[in-house]
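So the protein lines, in turn, are chains H and R.
Under full-length UniProt numbering, the first residue of the first sequence carries the number 1, and numbering increases by one thereafter.
Under full-length UniProt numbering, the first residue of the second sequence carries the number 1, and numbering increases by one thereafter.
It is worth saying that the hints were derived from the structure and are not from the lab.
Please note that the accuracy of each hint is not assured.
To be verified - In silico contact screen, one side only, chain H against chain R (beta carbon under 7 Å); selected entries: (1) TYR113; (2) VAL148; (3) SER153; (4) LEU253; (5) SER256; (6) MET300; (7) SER304; (8) GLN321.
Predicted model, so just to flag it, every value in this text is computed and none were measured.
Ideal Cβ placement from N, Cα and C applies to all residues, glycine included.
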Amino acid sequence: MGFDPVQVRYAGSEWRELVELPFLAIQPIREAIFRLDPSCSLFTSSHLLLVKLCLHARAYRHALPILNKPICHFPAGPEQNQLENQQPTLRTRHESSAQVVRNSSGLSAKVTYREHLEYFLNGAMIYMVVKQWKKALHFLTIVISSPVINSVSMVMVEAYKKWILVSLLDNGKLVQTPAAISSHTIKIYRSITKPYVTLAGAFESGDFSRLEAEVEIARPIWHTDGNTGLVLQVVRAFEKFRYHKLGKTFAALTVSDAVKQAPSRSGRFTNTEQFIATLIMSKAVNATLSHPNDLQKSTMLRFSNLGSSASALKDSLMQSQLVEGSWSLASLMGHVEEGDYVLGMSKEYVENLQRNQKQPGGPLKGGKNVGSFSGGFDIEEDIMGDLC
Amino acid sequence: MDSTLPDAFEASQSGASLGQKLAGFDSQGRILSDVTPYVKVDDPPKFELESYISNYTGRTRFDRLYLIGTCSTHLSTEALKAAVSEAKSGKDISRYERAVTALAQVAPGESEAKRDIDWVEHMHKVVKAETDRLEHELKGYKNNLIKESIRMGNEDLGQHYHQIGDQVSASKAYTRMRDYCTTPTHIASMLLKITNVAIERGDWLSVQSNVQRLRNLQSKPEEQTKNKPKMSAALGLSQLHLDAYSDAANSFLSTESTLGDSYNEVISPNDVAVYGGLCALASMDRNELQRKVLDNTSFRNFLELEPHIRRAISFFCNSKFRPCLEILEAYRADYLLDIHLQRHINILISRIRTKSIQQYVVPFNRVTLDSMAKIFAPAAVAGEPLPTDANSSFVKELIRLIEDGTLDGRIDLEKMVFVSNQTDLRTEVQTAALESLESYTREAHLRLLRTNIIRAGLEVRPPADQNAGAGGKGKYARM
Chain H
1 MGFDPVQVRY
11 AGSEWRELVE
21 LPFLAIQPIR
31 EAIFRLDPSC
41 SLFTSSHLLL
51 VKLCLHARAY
61 RHALPILNKP
71 ICHFPAGPEQ
81 NQLENQQPTL
91 RTRHESSAQV
101 VRNSSGLSAK
111 VTYREHLEYF
121 LNGAMIYMVV
131 KQWKKALHFL
141 TIVISSPVIN
151 SVSMVMVEAY
161 KKWILVSLLD
171 NGKLVQTPAA
181 ISSHTIKIYR
191 SITKPYVTLA
201 GAFESGDFSR
211 LEAEVEIARP
221 IWHTDGNTGL
231 VLQVVRAFEK
241 FRYHKLGKTF
251 AALTVSDAVK
261 QAPSRSGRFT
271 NTEQFIATLI
281 MSKAVNATLS
291 HPNDLQKSTM
301 LRFSNLGSSA
311 SALKDSLMQS
321 QLVEGSWSLA
331 SLMGHVEEGD
341 YVLGMSKEYV
351 ENLQRNQKQP
361 GGPLKGGKNV
371 GSFSGGFDIE
381 EDIMGDLC
Chain R
1 MDSTLPDAFE
11 ASQSGASLGQ
21 KLAGFDSQGR
31 ILSDVTPYVK
41 VDDPPKFELE
51 SYISNYTGRT
61 RFDRLYLIGT
71 CSTHLSTEAL
81 KAAVSEAKSG
91 KDISRYERAV
101 TALAQVAPGE
111 SEAKRDIDWV
121 EHMHKVVKAE
131 TDRLEHELKG
141 YKNNLIKESI
151 RMGNEDLGQH
161 YHQIGDQVSA
171 SKAYTRMRDY
181 CTTPTHIASM
191 LLKITNVAIE
201 RGDWLSVQSN
211 VQRLRNLQSK
221 PEEQTKNKPK
231 MSAALGLSQL
241 HLDAYSDAAN
251 SFLSTESTLG
261 DSYNEVISPN
271 DVAVYGGLCA
281 LASMDRNELQ
291 RKVLDNTSFR
301 NFLELEPHIR
311 RAISFFCNSK
321 FRPCLEILEA
331 YRADYLLDIH
341 LQRHINILIS
351 RIRTKSIQQY
361 VVPFNRVTLD
371 SMAKIFAPAA
381 VAGEPLPTDA
391 NSSFVKELIR
401 LIEDGTLDGR
411 IDLEKMVFVS
421 NQTDLRTEVQ
431 TAALESLESY
441 TREAHLRLLR
451 TNIIRAGLEV
461 RPPADQNAGA
471 GGKGKYARM
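Chain H extracted, bound-state conformation (with noise of 0.2 Å):
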């Protein structure tokens, strides 16, 4: 079949979607990223251009590749330019393209912080959709833990109010906020983000009537910040926390206790049972149903033990996880290696080791050897090494 000019006509809007469509960019831009640095641990501005182009592409997965090779450098300032310059042995030395790409050699635009703000911002946002809730809360962390200097970007807060939400998607109540974000910076975010902190005390609290009532009074709170979707799927999660919890406290109930004990909307239906029925099958609730003989009792729920729901998980599975763990741990550590590699030969480091020298009893403190890191992770990795 060949390409008749006149037909498309007749598809003006359909033409147009696709050859506006930014998903054709996606690919080639993502083998471009991929080919540059293999390792991709470096932030470049590509990354947030394809991310960009995902989300309104709506082409999810095909940002994931990128995804899950973690961030671990960014574009070289140019003070670091002039390091590299006197060591030209890093090229070779380690794999990774870090040292390789600065401002001035041109393959990523100038980075500002806005740009990697937002690029862990709409990673973790990909994440959600996929719903691979863990990856998507680490990215969120990334962005409110970022470090400051008497200011938060509104990014960050808006990474806050998501983390609030999947935070209590994925674990079924708010996580501890990481230590590396000053207790000033929480109270701004606190401040600013009042109705979701609410959501969350309704949400902990296990008062399924007063988590409505939040959800129903912020609607057009959760409308302008684009996250009604979310705030429903909580509501969604609620549920299935509800249910987990009772499977702590039962081992065996009647359906019906069951929507006396854990009192929600779908109690309100007369399909709790297509629901749990939905919760099991969705593997989100360890349980049976079963059907009496006499028709006049009410369905028994039954959950499974709880050792016995841990040890479904395999052990040839389980040891394929650790061995992926240590292979990540690994090779963060060997990012970490080069990181700490570069701060050891940075001006302030060179400095503060002078300095210290200077003081009587100063290089036995100061004069840390820079390989002393590797030393340490080689234990742990023999540690993963005898589990595998």
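Go by the hints and put chain R onto chain H.
Then chain R, alone, in the frame of chain H:
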């Protein structure tokens, strides 16, 4: 009821209904109590009022009588009449008036229920004259600069204030004695007096600090042996009121039996046995109870005064929880009429009950709810669902205990059993390893990013530095 704390009361359970009450401080720092009692006790108490009150001396007699009179429906008239005559024999007018008002509410027909105006006016004059006289004398002593006289003048004044019910002035006067004390004996007697006033005021922190001072005092050995039991008892009381039941138990248990009747203005040896026994039951495990309470030779002397407490403890140690709880239930009404236990008895009994349930399920892998209910909820209250029903208070109690983590198990409402949780150590270790690996990786990544962000100069800065970047996306306004 001067010495009851203004704290909120625990809701009482069977046999007692909660009366709402507000308490506030008057200008002198005393606790005002209006006539509505905290708790109404309808069950008849087991003790004889006459013999009970004869255990005590001093101002606590009135406090106890008044408390019983306002709380117990059975003994109200009798106790309040005794309270009126008790108050009339003293010098505290406000007490007399409170007792009369309370009696007038309960039994308006009684002759004592009328305010004796003559007595009140006479007493006003007497008290005023006495205060003036003592103040005047003290002034004279101060001019003469004789330490011992000043000390005694202050002591007399403190005693007088204590008697007329002005506790703040009393403790001030006693505190002023400090500078004029010349021997450790004087200091010890002063501290004991302050402690007694503080106990009556319900100022438990001050009780603790004064007992601490008393303990650090270097005095003669015979003095020490005399004061030591009092110190332990006072300390135990303050710990009981501050909800530190385990500490209170240890303090009461270390009270020596030489206490005897020497501290009757505050606490009787029977009280030590009851308070100590209950606090120990609520806070210790079975081995500790056996070792520290039943095998404790000095505390045994106290326990012999209250044999039912001893029985309850030994039942608990022998895992016979039903009789133990039954004894406590039977005496609940008595303890609700005790000036110090009233606030705490419900908490103490519910703790003992929780501990019994915990102990009961330990040996079982699964145990039927029926057999548990037989022990912990034997009397099915009419109109209540059966004890094994999902909505019964017993099952609800179990659910609460499981939810707050006290009981490690689950309820099976199909087979009506309580199932203990089985732990699979292997999987537990594996999951823990995975979790720690994950959290470590995440944390390390966060830190690394942070370092590198700072190194690349990408911290979030105030807008003034960043005019160039402001042109970008309008969506995120910067602060």
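Requested in this report: List, from low to high, the hint numbers that the structure doesn't satisfy.
Outcome: 5 and 7
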